[in-house]
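**Student:** Residues per chain, in single letters:
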Amino acid sequence: MSQSLKIENLHATVDGIEILKGLTLEVPKGEVHAIMGPNGSGKSTLSKVMAGHEDYTVTAGSVMLDDINLLELEIDERSRAGFFLAFQYPHEIPGVSNANFLRAARQARLPKGEEVDAVAFYKEMYLKMDELGMDRKFTGRSVNEGFSGGEKKRNEILQMMMLEPKYAVLDETDSGLDIDALKVVAEGVNTMRSPERGFLIITHYQRLLDYIVPDVVHVMFDGRIIKTGGKDLALELEEKGYDWVTKELVPA
Amino acid sequence: MADSATLEAVNIDQDEGNFSYPEDYAHDAGYGLNEGTVDYISNIKGEAEWIREFRHKALKIFFAKPMPTHWASKDLENIIFNDIRYYLSKGQAPTRSWDEVPDDVKKTFERLGIPEKERKYLAGVEAQFDSEAAYSNVKEELTKEGVIFVNSTEGLREHPEIFRKWFGKVIPTGDNKFSALNSAVFSGGSFIYVPPGLKVKHPLQAYFRINAENFGQFERTLIIVDEGAEVTYMEGCTAPKFETATLHSAVVELVAMKDAKIQYITVQNWSNNVFNLVTKRGLAHENAEIRWIDCNIGSRLTMKYPGVIMKGRKARGEVISIALANNGQHQDTGAKMIHAADETTSNIVAKSISVGTGQSTYRGQVHIPKHLKGCKNNTECDALLINSSSRTDTYPAITVRGNQHSTQHEASVSQVSEDQIFYMKQRGLSEGEAMSLSVNGFVNDLVREFPMEYSVELKRLIDMEMEGSVG
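Each protein sequence line maps, in turn, to chains V and P.
When we follow the working numbering, the leftmost residue of the first sequence carries the number 1, and every step to the right adds one.
When we follow the working numbering, the leftmost residue of the second sequence carries the number 1, and every step to the right adds one.
It is worth saying that the hints were derived from the structure and are not from the lab.
Treat the hints with care, as some may be off.
[What the hints assert, rightly or not] Okay, derived cross-link-like pairs now, BS3-like style, lysine-lysine, Cα gap no bigger than 25 Å in a straight line: (1) P:Lys165 <-> P:Lys373; (2) P:Lys373 <-> P:Lys314; (3) V:Lys137 <-> V:Lys123; (4) P:Lys177 <-> P:Lys261; (5) V:Lys137 <-> P:Lys261; (6) V:Lys112 <-> P:Lys459.
[Unchecked claim] Partial pick of chain P residues on the chain V-facing surface, computed with a CB cut under 7 Å: (7) Tyr31; (8) Asn34; (9) Leu437; (10) Pro451.
Glycine residues also receive a C-beta, built at the ideal position from the N, C-alpha and C atoms.
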């Protein structure tokens, strides 16, 4: 049985325009990989295609979560199979409290007839909120409604911690965060690093990778991975800029 | 119990267009409506002459008034008044065996967690829900405190000195065609009087009384709360009432004397063959407060605009309303706020959800005349559309004259965004679960106004209504 999140030759279009053009990469369980790339290289598209967003059409390739063909599953089935996406722009759910939303998500993972143990659930949630430095009043507030950018991202990490996915994709989680919030979010991710879990961190800037040190760094451009290296690749990229990638690495 | 021969006899009479009822069938007014029907009801109830006259006068008005189809729905033309029975006493209600109750209705009861005994009542298997044993203590306590809590017949017969003064005064017979109809043939309903200064601790519920004719077709309710007293009244339940009768037309009048408070809570889930045409209005004296909290689910057509007439200085009126229109249903609901004294305040918050081909309409009237000062109104109406075939309309009529008032009006129409659903599904919720949660979120702030047990049932009910709405 394979133990990885494996993307092979993935092609995807939106409104008939091809965005992903044969992307291949593999995140083995226990590793943290980063994808860096300039704006418009298709990073966010990749995350949405993996999650199953209906605006995107997969025209070729595969995404395997261990032995499960992710692309054959519905959006919610992918989630329950262990795939988690931390959104770049988390949506608001007016009138639905954070606690109720998380509880519903946990409930959806239980066999029919079983109920979430409310006491244990709250205990666990409070513990994790403490780790993320989230005030308890957030449990009663509507999901992401009126949250600051930093609060929304923390909330994404809280959801990830509560749902304990096998593989998590973080889409530009660092955008809009000040340095303190960034540290808290990074710490949350670091506590979840485990031999049982893989991470794919999508980011435009190297900054986040100071706090979440990746095992592997991929450079994405024009819908493909054009270079893969160790954590130093991120630093090199930061130093030389994306021009270096586009000019030096893309075969003419 | 109606035997088949009797039913047949009644049916034949109906075909001939003549009203008659067999002597041996003493508790059924038969089909159709004329003076004989009214006399029949009056006789059965042993009513005083003034009530009989009240009924007859109402019948004339009913016949004289046209259907309000020019502003409301043409669907009203489909009510066939001659096909309706206007009075069935308890024990004579049409009965059926449990086996005859449709499976989907049984399943709904089960899923809502309705107790066995109530299920049978709601399904029309038992004519009565006998709750005397459970509630006799409450009733005794109320009586000791001087609260009168009886049905309309008893109220008018035993306590005319209290009820006659206000009966038909808040909602005059001729207010509309259906208030006239109710005034002609009413039976059942609650008549309540709360003495000065008494704050009734527990909400009064329609089924507290053994003679619960409350779910009748033409119930009549009158609640008078004396100076400084307070009461909460609740009617209905979230289970779908399995109706054979297709017309429900109630009149509810509230009177809050100086400094009194009345909260009237309704949760109704009608089966989708029912025309639910109800007139509800309260009269608030000085510094009194009347709140209507109203939840309408189901029915073929509901027309209901609870109102408050703020007659005394600093009186307050409020309508909080949730309407859910599913396939083939039309919820035409709203509020009427009539400011008739200085410094009166009214608040309307209405939320509607249209699912499938469901249609919801908000119709509001706020009236503040020129000679008053310091009046305030706030109106918010929000509509949520679930499918592209769903429909919503808003008709707010706010008439404010003079410049010493403050009014606010906000209206919104929204759809649950696809991105919101995508987000929720990414967390593992199915499309149906995501939609239910979103809809519950939309009405959440209003559901909180309902008592706990109602709000839990409401949430479950919305979950069930949302099933099959997506995909």
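**Student:** Next step is simple, just say for each hint if it's right about the structure.
**Tutor:** Hints and how they fare:
1. P:Lys165 <-> P:Lys373: violated, 30 Å
2. P:Lys373 <-> P:Lys314: Status holds; Cα separation ~11 Å.
3. V:Lys137 <-> V:Lys123: With a Cα-Cα distance of about 14 Å, the restraint between V:Lys137 and V:Lys123 holds, given a limit of 25 Å.
4. P:Lys177 <-> P:Lys261: violated, 29 Å
5. V:Lys137 <-> P:Lys261: violated, 33 Å
6. V:Lys112 <-> P:Lys459: Satisfied, since the Cα-Cα distance of roughly 19 Å is no more than 25 Å.
7. Tyr31: violated, 47 Å
8. Asn34: violated, 51 Å
9. Leu437: Holds: closest Cβ of chain V sits about 5 Å from P:Leu437, inside 7 Å.
10. Pro451: Given a least distance of 19 Å, the restraint on P:Pro451 is violated.
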